[in-house]
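Number of protein chains: 2
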Amino acid sequence: MHEPSTPEQLCERLRWRYATKQFDPARPIPAAVWNALEDALVLSPSSFGLQPWKFVIVDDPALRQQLRTVSWNQAQITEASKLVVFLGQRTMTEADIDRFLQRTCEVRGALITSLDGYRRMLVNFVQTGWAAQDLAGWNARQVYLALGQFMAAAAMVGVDTCPMEGIDTIAYDRLLGHEGGAFKTLCACTAGYRFATDKHGLAAKVRYQKDQLIERR
Amino acid sequence: MHEPSTPEQLCERLRWRYATKQFDPARPIPAAVWNALEDALVLSPSSFGLQPWKFVIVDDPALRQQLRTVSWNQAQITEASKLVVFLGQRTMTEADIDRFLQRTCEVRGALITSLDGYRRMLVNFVQTGWAAQDLAGWNARQVYLALGQFMAAAAMVGVDTCPMEGIDTIAYDRLLGHEGGAFKTLCACTAGYRFATDKHGLAAKVRYQKDQLIERR
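Residue numbers (the numbering used here), protein chains in the order written: chain G, 76 to 292; chain A, 76 to 292.
Calculated from the structure, these hints are not laboratory results.
Among the hints, erroneous ones may be present.
Put simply, identical chains are the same to the list, so a pair is met inside one copy or across any two.
[Unchecked claim] Subject to a maximum C-alpha distance of 25 angstroms in a straight line, what follows is the list of computed PhoX-like cross-link-like pairs (lysine-lysine):
{"#": "1", "residue 1": "Lys259", "residue 2": "Lys285"}
{"#": "2", "residue 1": "Lys157", "residue 2": "Lys285"}
{"#": "3", "residue 1": "Lys259", "residue 2": "Lys274"}
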């Protein structure tokens with residue numbers, strides 16, 4: 076078992092992070108590092124552990140080029156070592172809940188009937204709870220939580236990222252074969268290594284003062 | 076400058092994390108560690124860097140007790156070392172954008188007029204872009220991104236967390252003095268140290284198979 080990071084190491088890594096605009100196209104992410112970042116995606120927390128998402132990793136250069144044309148031609152799409160598209164489930168049905176409970180039983184060796192009460196609570200929540208009015212929106216929040224974990228994880232292992240909402244999500248769905256499917260594109264994130272000369276990386280980080288963002292009670 | 080974490084260390088920390096239900100009330104988070112986690116909140120990425128959020132840290136035991144009664148009486152609210160309430164901005168106005176650009180100039184020493192074009196783009200986006208139909212929802216996604224960074228950061232420094240959506244957000248707004256204000260409560264997250272006997276921490280982590288969550292193109 077490794078030691079946790081120190082507070083100093085954590086802060087240094089998170090201060091080092093910025094939305095990288097210029098990636099070095101000649102510098103791939105080593106396989107061991109990328110595998111860990113895929114694991115970070117898989118390990119993301121979500122409400123009730125429902126994992127209402129799909130992560131599409133695009134390596135094909137021709138497809139990357141097509142995606143770039145529907146991403147305001149942003150160079151990161153083709154120049155970063157990796158491109159992850161984040162999709163969220165359009166809804167949350169009883170079938171989704173059953174699939175999740177089935178998986179729970181598989182992993183934990185429990186009987187599905189032992190989860191009857193939990194199933195009723197989950198179904199009731201998604202049908203009548205606060206999230207019921209906008210299940211797609213609820214799922215989208217979870218996807219952004221995964222994006223947050225992914226970006227923090229990347230920073231910890233020294234990988235640069237650029238989160239991107241400025242993409243044509245409808246065109247992405249089409250190009251990725253998800254048109255009309257159960258998942259819809261929400262955003263993308265590129266990953267790789269910055270050019271030391273990227274001016275965005277040299278500019279001071281803009282944050283409000285801590286006492287404007289944090290209230291104490 | 077510290078070294079980045081290794082891929083093994085990252086994965087170990089993220090696997091170690093789980094939604095902690097039983098915190099050791101006798102074990103506080105050391106000040107240096109907590110300061111780093113506050114910095115992780117402040118350093119969270121957000122769309123355009125707009126930071127549409129407020130983080131309320133509740134230390135007062137009486138207020139914690141009141142919040143617990145509107146959180147399905149979940150013990151984490153009073154027993155964890157720390158409680159952070161995540162609030163999202165209800166909207167995104169020209170005044171918010173101006174405040175952000177003002178801060179940008181302050182930090183980077185630029186003239187506000189040099190950002191005129193950027194201001195037009197931002198105002199146009201929040202008034203007519205895809206997020207315009209649901210600015211509160213767009214802000215909420217950013218807040219969950221901050222939650223994702225916070226939880227990953229906590230895991231890296233060996234701090235347990237429990238994200239909580241099962242809270243009466245209206246009552247939280249009232250108890251925190253945010254009723255009718257610019258920000259509304261979205262969720263909470265407790266932080267501290269697990270009891271080794273918490274059965275939730277001993278159960279196997281339930282995730283779908285990697286090839287069900289990740290598609291490759």
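Could you check the structure against the hints above and give me the numbers of any it violates, in ascending order? 3
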